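Chains as they are written, first to last, in the working numbering: chain A, 1 to 178; chain B, 1 to 178.
Please note that the accuracy of each hint is not assured.
Pairs involving identical chains hold if they fit within one copy or between any two copies, as the list cannot separate such chains.
Claimed, not checked - Here are the computed lysine-lysine pairs in the DSSO-like style, where the Cα-Cα straight-line distance is at most 27 Å:
(1) LYS148 <-> LYS41
(2) LYS161 <-> LYS111
(3) LYS67 <-> LYS171
(4) LYS111 <-> LYS147
(5) LYS163 <-> LYS111
No lab work stands behind these hints, which were simulated from the structure alone. Because the structure is a prediction, the values reported are computed rather than measured.
2 protein chains.
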Amino acid sequence: MTVIILRIGHRPQRDARVTTHVGLTARALGADGMLLTGRDKDVKESIEQVTRMWGGRFTIEDGVSLKEAVTRWKQNGGKIVHLTMYGINISDALPEINPNENLMIIVGAEKVPPLIYQLADWNIAIGNQPHSEIAALAIFLDRLNQKKGTDPLTQEYFESKLKLIPQLHGKKVINEEE
Amino acid sequence: MTVIILRIGHRPQRDARVTTHVGLTARALGADGMLLTGRDKDVKESIEQVTRMWGGRFTIEDGVSLKEAVTRWKQNGGKIVHLTMYGINISDALPEINPNENLMIIVGAEKVPPLIYQLADWNIAIGNQPHSEIAALAIFLDRLNQKKGTDPLTQEYFESKLKLIPQLHGKKVINEEE
Chain A
1 MTVIILRIGH RPQRDARVTT HVGLTARALG ADGMLLTGRD KDVKESIEQV TRMWGGRFTI
61 EDGVSLKEAV TRWKQNGGKI VHLTMYGINI SDALPEINPN ENLMIIVGAE KVPPLIYQLA
121 DWNIAIGNQP HSEIAALAIF LDRLNQKKGT DPLTQEYFES KLKLIPQLHG KKVINEEE
Chain B
1 MTVIILRIGH RPQRDARVTT HVGLTARALG ADGMLLTGRD KDVKESIEQV TRMWGGRFTI
61 EDGVSLKEAV TRWKQNGGKI VHLTMYGINI SDALPEINPN ENLMIIVGAE KVPPLIYQLA
121 DWNIAIGNQP HSEIAALAIF LDRLNQKKGT DPLTQEYFES KLKLIPQLHG KKVINEEE
């Protein structure tokens with residue numbers, strides 16, 4: 001199963017931190033990559049820098065055409081989830097999702113074009129209250145991983161030269177290359 | 001059980017959006033309130049505005065003294081969780097947490113003072129990879145709710161005059177006061 005995030009409506013500078021959080025969250029929860037409809041070299045570089053330091057193979061591509069990305073994904077048989085507070089509750093939707101299928105997860109910034117609601121296989125609400133696309137993505141991926149029975153939140157998942165030694169109190173990081 | 005977020009190191013303007021997401025995520029996942037060590041009228045107002053519109057009783061207080069808040073919490077018998085990638089994995093820590101105890105969850109912006117690591121009852125890592133304090137809080141609260149057997153992501157949780165009607169495709173909101 002390939003899981004890819006499509007971040008739409010990103011505005012350079014204004015959304016830089018939130019989009020970076022979206023990308024890092026996707027990576028930490030085992031997604032394979034993120035596509036960005038806007039262009040933002042800084043966001044791209046800061047996520048790539050984390051991957052270089054902390055391991056794994058997370059790809060990020062900016063300046064992507066929304067229509068092309070979605071059309072190609074559908075032609076290849078992938079399914080599309082759109083995270084929105086207007087959708088069907090995650091508890092109702094998750095049982096329908098086959099964890100072996102390739103999944104594109106659309107995460108909007110401000111306004112999302114009506115087209116997206118139509119072309120998504122599932123419009124899924126992580127609750128019907130306004131909160132955060134970062135939180136919504138985190139909970140969706142965590143629950144999807146629970147369903148699949150994998151846990152990228154465990155350390156062994158990433159092959160990293162930097163290793164954290166979990167501490168009751170304090171910080172400990174070792175660099176295995178040194 | 002009372003669950004309160006203590007957001008530390010907030011820098012007005014620079015952190016406004018991220019701190020707002022932290023607060024809205026806490027609220028949507030059933031926490032009771034957020035304390036903010038810095039002052040930020042805009043963040044406070046935008047979260048209060050959501051609560052007025054969308055229901056529930058989420059309190060927010062800014063300009064709080066870190067030491068006072070923590071000392072008073074401990075004196076009243078509350079426990080403290082600090083979310084940090086350097087801590088013990090959530091899967092290992094969660095079984096130790098009694099869901100009937102009052103919980104303060106500390107969420108840092110950039111640098112967190114070493115004191116916090118010492119005074120926390122649990123330093124908990126939502127994975128040992130760098131990602132997002134918003135995502136970390138979301139997953140912690142979602143898993144805590146799963147353990148408690150409550151789900152604030154269901155609509156009935158909030159008593160709101162605005163009601164979303166979950167849709168397969170599209171948006172539908174009704175205002176029960178009209």
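Evaluated hints:
{"no.": "1", "hint": "LYS148 <-> LYS41", "in the structure": "neither (33 Å within a copy, 43 Å between copies)"}
{"no.": "2", "hint": "LYS161 <-> LYS111", "in the structure": "between (40 Å within a copy, 23 Å between copies)"}
{"no.": "3", "hint": "LYS67 <-> LYS171", "in the structure": "between (45 Å within a copy, 21 Å between copies)"}
{"no.": "4", "hint": "LYS111 <-> LYS147", "in the structure": "neither (30 Å within a copy, 34 Å between copies)"}
{"no.": "5", "hint": "LYS163 <-> LYS111", "in the structure": "between (39 Å within a copy, 20 Å between copies)"}
Violation of the numbered hints given earlier is confined to hints 1 and 4; the remaining hints are satisfied by the structure.
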